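A.B. asks: Residue numbers (our numbering), protein chains in the order written: chain H, 1 to 145; chain B, 1 to 145; chain V, 1 to 145; chain U, 1 to 145.
Honestly, the hints are just simulated from the structure, not real lab data.
These numbers come from a predicted model, not from an experiment.
We treat Cβ as the ideally placed atom computed from N, Cα and C, and that holds for glycine.
Incorrect hints may appear among the rest.
[Unchecked claim] Listed next, with one range per pair, are the computed distances between beta-carbon atoms:
id : chain 1 : residue 1 : chain 2 : residue 2 : range
1  : U       : P119      : B       : P26       : 51 to 57 angstroms
2  : V       : N29       : U       : M128      : 47 to 53 angstroms
3  : H       : D5        : V       : G86       : 52 to 58 angstroms
4  : B       : M1        : H       : T117      : 51 to 57 angstroms
One-letter residues, chain by chain:
Protein chains: 4
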Amino acid sequence: MSDLDRAQILGYLNRARALAKHAYCPYSNFHVGCVLVDHQGRIFEGCNVENASYSVTLCAERTAGSQAIAQGSRDWKAIYIVSPTGVSPCGTCRQFLFELAPDLVIYLSDLESSEFTGPIRIQDMLPMGMKLQQTKLPIPTPPET
Amino acid sequence: MSDLDRAQILGYLNRARALAKHAYCPYSNFHVGCVLVDHQGRIFEGCNVENASYSVTLCAERTAGSQAIAQGSRDWKAIYIVSPTGVSPCGTCRQFLFELAPDLVIYLSDLESSEFTGPIRIQDMLPMGMKLQQTKLPIPTPPET
Amino acid sequence: MSDLDRAQILGYLNRARALAKHAYCPYSNFHVGCVLVDHQGRIFEGCNVENASYSVTLCAERTAGSQAIAQGSRDWKAIYIVSPTGVSPCGTCRQFLFELAPDLVIYLSDLESSEFTGPIRIQDMLPMGMKLQQTKLPIPTPPET
Amino acid sequence: MSDLDRAQILGYLNRARALAKHAYCPYSNFHVGCVLVDHQGRIFEGCNVENASYSVTLCAERTAGSQAIAQGSRDWKAIYIVSPTGVSPCGTCRQFLFELAPDLVIYLSDLESSEFTGPIRIQDMLPMGMKLQQTKLPIPTPPET
């Protein structure tokens, strides 16, 4: 890994750390932030959003990924995720990311250090990944607004 | 409702219609788009994102709402939602929105008409709303990035 | 309400209290138990099951309801739910129950008292309930096993 | 694998096929059934339960697993899952099963054949599995009812 690559990774991780401060996590106090980057260099941001009914909770990865879809981006390159313990994505987020971008790579870090884990391919985190059918579909052009 | 108010509502609904075109919904082909507006006038956008494992699906409302949280907005005013049938939010989205903004009002429309339903308060869509505790928390200021 | 009816309700609520002790809730320590009864008098039991990834959590109501479906029951009459605060069902459970049994009635209580709230119809807890289409379907007879 | 072991596996898979017929899946028409067996030989049954709001869907594995918890079983040995394509568990179910029983083994088959895939350990299907903390907790004895 070149110094330039490493600097870029650290930059994205720092941006993810700023997002983690926005997390709505009064139940766990476990702040997660992430940055999703697509092949055009567009950046999408996420943090976790909890709920009194725990099952309604959204992870940071899905917050960022769903926003990318809303903005017309489906060609994802890498996701940078930070949390207090540098934990890897939960199974639900792996399923979510895998369907949209099986070649996506993941970088993990905590909220403070300059160490990180990655790149890890999402498809290697979901062996025998569940995929019912071919799901890569063209995006229609939205009308002028 | 003044003509000005009505024009503004129709404008947001049109923007939601553009977002519905970005929906990733190969399983249902049910395109939903929405626009969430906060009291500072900031706008957050969403569409639905489906998955081969249906339970991993995200609705448009949560895509927009989680992005608002990621961007530091928790003071929500109104959400404008469009879908093929002008359907009202599912119970999960009601739970999600209710916790963050019980006074939020909803406007519903379909993908084509200039008719709409609303305003409806989210708290009136979730009577005896489930709320374990006081959840309105201060947002810390993110560090400079 | 007759004394007999009241005694039966209290009996179901007590059974729900026993189930609440089985809840797997290391994150919230919020024990919920429930009993779902169908029109044939069959009884299905549930408790909440949490997960380190909060969004994977299942509520007691869905544990009981999904088991009813697995056992071939779709003709639900009443559900008896207990929790530390006697809280009403979350929006996700309302959506789940509403689709399968819009006429279902709910009884709520806490873990100790002999007071309860109900009956409340599920359809009154999800006004303008989201329903894409007619979903009441026949159940095929399973093969001999 | 002995003939006896094989016969037992086929027996459980057949039972899962009967459960798949109970699935409530009007949206996908993708019938899934499963049987979860614990170390005491107790058996818990599941099928998928869909919803007009796709995200409210429950997979067969979580239906069976949550019922096991409700019945006081946390010592799981194997799960037998059938579906039209013999598909492997989604990421959400992997997360759910992994937390409760990381040593659980999985057997997969379709709705008709006598072929199957397995055993596969759940921990091998969720590499770097997300686990915030030690979660194996004692089950309190329920009161007499």
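A.B. asks: Evaluate each hint against the coordinates.
C.D. replies: Consistency of the hints with the structure:
At roughly 32 angstroms, the beta carbons of P119 of chain U and P26 of chain B sit outside the given window of 51 to 57 angstroms. Hint check: N29 of chain V to M128 of chain U, Cβ distance near 28 angstroms, so the stated range 47 to 53 angstroms is violated. A hinted range of 52 to 58 angstroms holds for the C-beta pair D5 of chain H and G86 of chain V, which are about 55 angstroms apart. A hinted range of 51 to 57 angstroms for the beta carbons of M1 of chain B and T117 of chain H is consistent with their spacing of about 54 angstroms.
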